[in-house]
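Engineer: Sequence:
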Amino acid sequence: MTDWSSVKQVRGKEESNMSKKQQILESALQLFAENGIEATSVQHITQEAGISKGAFYLSFPSKESLIKEIIDSFMKGFVADIDRVVNSLQKPDEKLRLYFLAHLALLEKHADFAKIYAQEPMHALNEEILEKLIHYDTWIDRSLLSLLDELYGEQLRGRRYDLLISIKGFVRIYSQLVLFHPYPHDIEKIAELLVEKTNVLAAYSTTAYLTEEMVELPMPGPEEVTTEEKLLSVIAELLEDGQHPPLMAESFSLLAEELQLETPRRAILHGLQANIYDYAPAKWLSYLLKKYEQKKSPDN
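Numbering-wise (this note's numbering), the sequence shown opens with residue 3 and increments by one.
It should be emphasised that the hints constitute simulated quantities derived from the structure, not laboratory data. Check the hints yourself; a few may be wrong.
What the hints assert, rightly or not - The list that follows gives simulated cross-link-like pairs (lysine-lysine, BS3-like), each with its CA atoms no further than 27 Å apart:
#1 Lys22 x Lys285
#2 Lys70 x Lys191
#3 Lys199 x Lys232
#4 Lys170 x Lys78
#5 Lys297 x Lys111
#6 Lys117 x Lys70
#7 Lys111 x Lys93
#8 Lys111 x Lys23
#9 Lys111 x Lys22
#10 Lys93 x Lys293
#11 Lys297 x Lys97
#12 Lys97 x Lys78
#13 Lys23 x Lys97
#14 Lys78 x Lys23
#15 Lys65 x Lys232
Full structure from sequences and hints, please.
Structural biologist: What follows is the structure in structure tokens.
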């Protein structure tokens, strides 16, 4: 069993390592965006960051592990943001607008990573990294399908996968426009335009090509992979990775203790999830905890 008080005590010792790690991540992102992943070596990254190769390998065992961390950090936040939109109390048509807006706002905020994702040839990424990208993309597809079902219901019978693919095409085209055509783009207006196009397709398109058998979502959904062990692992990473406000640090520790009980109490889990909901570093933990609660109480 993890000694959570010991985990908290080591945080101070990790601060200098964490700042160096962040320096490496920022330098790598910049170089990957400028030159591509394949053309950027560990030496290029260390030169840009002003550190030794030894310092790099203390933070990351390899260039591939660095890429995986960048992808994980970006995609976990994105999946959590999309989930919050889809499961919010907004009207379904407003959720769709917010869905598009979340995509476009994230591009503006993380343009370096988005350029890598848009430009990098797939053969430049190893199989494990490709699998990660497919995994996260599948989770986002599940959320979007849930929103389309809520918004259009029976009206979309037999056409939901074609509309899903069309929406992804719209998003990709306008994302490239925002990223690679320097201009003060109005992402609010783009989001409204995409809602209009989606509504037109849903209402007037009558031909379908894709079936459920053709378009399988083979990766397990978040509810299927969210276990007590997974949650405890994420909490341990949070407690090791940096300093947090006292309320957040205490919430993480209490959550870890609760998850180690034979039967974690739903009221406690729900209250702790509310505590960390708006704390940015815990966005992924909040998302997974919500899925864990849904798995344990599917009717609520």
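Engineer: Output the indices of the hints that this structure fails to meet, ascending.
Structural biologist: 2, 3, 5, 13
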